[in-house]
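Please model the complete structure; the sequences and the hints are all you need to start from.
In the numbering used here, the protein residues as written are 1 to 503.
Hints were generated in silico from the structure; no laboratory data involved.
Just so you know, these numbers come straight off a predicted model, no measurement behind them.
Check the hints yourself; a few may be wrong.
Computed cross-link-like contacts, BS3-like style, restricted to lysine-lysine with a CA-CA straight-line distance of at most 25 Å [said to hold, decoys possible]: (1) Lys194 - Lys162; (2) Lys392 - Lys34; (3) Lys383 - Lys95.
Label-pair restraints from in silico Cβ distances [said to hold, decoys possible]: (4) Arg150 - Ala406: 31 to 41 Å; (5) Ser148 - Asn466: 25 to 35 Å; (6) Glu283 - Ser424: 36 to 46 Å; (7) Lys383 - Lys352: 38 to 48 Å; (8) Asp351 - Ser148: 15 to 25 Å; (9) Lys392 - Thr96: 19 to 29 Å; (10) Lys392 - Arg150: 41 to 51 Å.
Ideal Cβ positions, reconstructed from N, Cα and C, are used throughout, including at glycine.
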Amino acid sequence: MTPYISLFLSSLILVTLLFLSIWALKKKNKHGYKPSFPPSPPKLPIIGNLHQLGNLPHRSLQKLSKEYGPLMLMQLGGKPTVVASSAETAREILKTHDLDFCSRPSLAGPKRLSYNFLDFAFVPYGEYWKEMRKICVLELFSTRRVQSFRFVREEEVAHMIKSISASSSGPVNLTEKLFSLTINIISRVAFGKKYQGGGSDVGNFHEIVIEAMNMLGSFTATDFFPYFGWIIDLFTGHSRRLEKCFHAFDNFYQQVIDEHLDPQRKRPEQEDIIDVLVRLQNEQSGAVSLTVSHIKAVLMNVFLGGVDTAAITMVWGMTELARNPKVMKKVQEEIRNCVGNKGMVEESDIDKLEYFKMVVKETLRMHPPSIMLVPRETMNHCKVNGYDIYPKTRVLVNVWAIGRNAEYWENPEEFIPERFTNSSIDFKGQDFEFLPFGSGRRICPAISMGTAMIELGLANLLYHFNWELPSKDDINMDEIAGLTVHKKIPLCLVPIPYHRKSG
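Here it is in structure tokens:
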């Protein structure tokens, strides 16, 4: 069967499904109830509003929201999708109707196959999700557990600073350095040691992580046409690339789990995440019995939620500071006056750095780790802002647009940490104009772990070096959108070692 015939058949199936959906909706409303749907941009046959997403969906949706309102209904292929772009609509979805909106869209086609051990992040709301969430909150990312890995974070940050100091006097690729930092920290937290490679089947672990981020951040035909899009993904080769990537992850996770189950292994003083999960599996005290696939799922989500988000936040933070030298000088003076001649910023110093905390908040406002929270799916019919939202509707919250909304932020496109002076606004999910980690039942469970990495890494970069641009040209701010928004061009700055005064 040629690709053209396949596409024709796929289109015919979609049109049939659309007619059936319209017929079912009319039958449901035969008693006279006329639903009120959110405003919607004009759409094309079959693809709906897909053509309006562009290469940077967060920006395209922000622009559309200014014309159609803070709650829009869009048809993305075969998926009706509601987009929230204001603090008020986010509050309705993530708090008032949290239980109605706390499920996830089901995965289909080859992506479903690739996720056979990764479904914790995308699993619908239910007993399995609640049990795994409880494990993450109480066991893996509790305050006590996060603090117990403080020595790991401080050792890896010190190693990064040493590697920058040993480099030549030319520009340093901070994007590369910061991604290595987060991968190394999370590897030690999850596996008990760093993995630069894992055998012929696994290859270089760093490369596998980056490939996974690229694959998960890309849109596929399956995402928009779940019943038959997988056919198109097969022709494009996307499914084969996806399967290869996650087959490598599966082999790698099995390898490190087997190492932890080896009776000859020397037990460490500090449990890593695999140790904790294996212990819970042996105890089997929860409502859901843990399996090896569950353990792999949690490990995958640790990397999906940690490596990319923490690294790019630090990259964007250093980018904004390089573009705003007065702000950089002010925050460096605060850090250096506080830390003195200790030689390293320790985690115990961070809470004393008020202006530095504002810099981190401003970075998260302008460059949230998750620009649009991982898609939700409605479980029940409900009303938001007076509009009807029906079950199985995909829901996107444009956190990026909310963080740059002039209704909540003065001069929202400018990097001004002082806006948080004497402000109680925080990123813990209760202030809906500022949601870099989400809110409600699906809020990121590892906020403490992520912010600890971000704050320690940034503070030490600012303490140890003065930073200069490689040329007189301004920094390129072009973006690449996926699960997160990366700088299109890696951040390269020239480090000038800071010589502390003796005595």
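Hints versus structure:
no., hint, result
1, Lys194 - Lys162, "17 Å, holds"
2, Lys392 - Lys34, "19 Å, holds"
3, Lys383 - Lys95, "13 Å, holds"
4, Arg150 - Ala406: 31 to 41 Å, "39 Å, holds"
5, Ser148 - Asn466: 25 to 35 Å, "34 Å, holds"
6, Glu283 - Ser424: 36 to 46 Å, "41 Å, holds"
7, Lys383 - Lys352: 38 to 48 Å, "47 Å, holds"
8, Asp351 - Ser148: 15 to 25 Å, "18 Å, holds"
9, Lys392 - Thr96: 19 to 29 Å, "20 Å, holds"
10, Lys392 - Arg150: 41 to 51 Å, "44 Å, holds"
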